[in-house]
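Top to bottom, those sequences are chains E and H. First residue of the first sequence: 1, per the numbering used here; consecutive thereafter. First residue of the second sequence: 1001, per the numbering used here; consecutive thereafter.
Just so you know, these hints were derived from the structure itself, not from any lab. Cβ coordinates follow ideal geometry from the N, Cα and C atoms, glycine included. Be aware that one or more of the hints could be misleading.
[As the list claims (entries may be wrong)] Calculated lysine to any residue pairs in the SDA-like style (CA-CA distance at most 20 Å, straight line):
no., chain 1, residue 1, chain 2, residue 2
1, H, K1014, E, R23
2, E, K118, E, T84
3, E, K118, E, Y128
4, E, K33, H, I1015
[Claimed, not checked] Estimated spans, in silico, between C-beta atoms of each pair:
no., chain 1, residue 1, chain 2, residue 2, range
5, H, A1022, E, N94, 37 to 45 Å
6, H, V1025, E, D192, 41 to 49 Å
7, E, E175, H, G1044, 37 to 45 Å
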Amino acid sequence: MANHAVTILVVLSVILIGLLILRPSLTAVTGGKVLAFIALFILPISALALGSVAHLQHATSTSFCLSCHPMEAYGKSLRIDDPTYIPASHFQNNRIPRNEACYTCHTNYAMFGGLKAKMGGLKHLYIYYFGTVPEKIVLYEPYNNRECLHCHASARSFEETSPHKEMREQLGGNEMSCLTCHNKIHDVQNADKLKFWKGPS
Amino acid sequence: MMVESSPRLQQRLKIAAYLLIAGLVLEAVTLYWSSPLSFILFAGGAGTLIGLGIIVYLIAIAAA
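Could you build all of it, start to finish, from the sequences and the hints given here?
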């Protein structure tokens, strides 16, 4: 949607700018000056702003994350046919939007979390093109319960069940990681030995 | 009333116009190119060209 809006803006700008290149005498009259201001200032700034929104939106998509070769195995792990695998069961049961699967769980739900995620993404790009991708990919910092609780906190299925109820404070304070018990995550090392779900993406 | 604009102003407007067209076309390309590099090309390439085009345009009208 944003892409189409930007394309329309770009085409409109290029047509008007082209007109000004072909008929420079237009800028001699007031109407031409206004046209030049719109074509050479207002429209390009709008196109740039909308383009930024479109790019940032696209950067949250699963397809964007998986377009880097080292991430392919992690994308594949979302299709492990075993409900005990947390990312796979979230992806396959629509507990997270499939088209924003990576971003939903790996963004930081604190203040400026989105910005931090974008900066991390730029760092990944740099390593991908100019550095060496590590053999084993690990998170920059331990996975924070805050990211799980962003959805699960206040959900009846979480709050009223044992043992969440008993250790709610420790989970909320990040003193005990959700991953202590829910420890089947992407497991890309053993992916070859597992069965995969062939459902829609 | 039609007043002839100076050749210098027209030349600057032309430079701004070419920079903006190049930047806008590059922006359109990056939007449909599904690669991790597309964002870099958008921010570094299209953003720079459009920014320069706008600056040249503003200088042109300020100096006119």
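Hint-by-hint comparison with the structure:
Using a Cα cut-off of 20 Å, the hinted pair H:K1014 and E:R23 holds, with the two alpha carbons roughly 11 Å apart. Annotation: proposed proximity of E:K118 to E:T84 is violated, straight-line Cα distance about 30 Å (limit 20 Å). Of the supplied pair hints, the one linking E:K118 and E:Y128 holds, its CA atoms being roughly 15 Å apart against a limit of 20 Å. The suggested pairing of E:K33 with H:I1015 holds, with an alpha-carbon distance near 16 Å, which does not exceed 20 Å.
The beta-carbon spacing between H:A1022 and E:N94, approximately 43 Å, falls within the hinted interval of 37 to 45 Å. H:V1025 and E:D192 have their C-beta atoms about 45 Å apart, which keeps the hinted 41 to 49 Å range intact. Distance hint for E:E175 and H:G1044: a CB-CB separation of about 43 Å, consistent with the stated range 37 to 45 Å.
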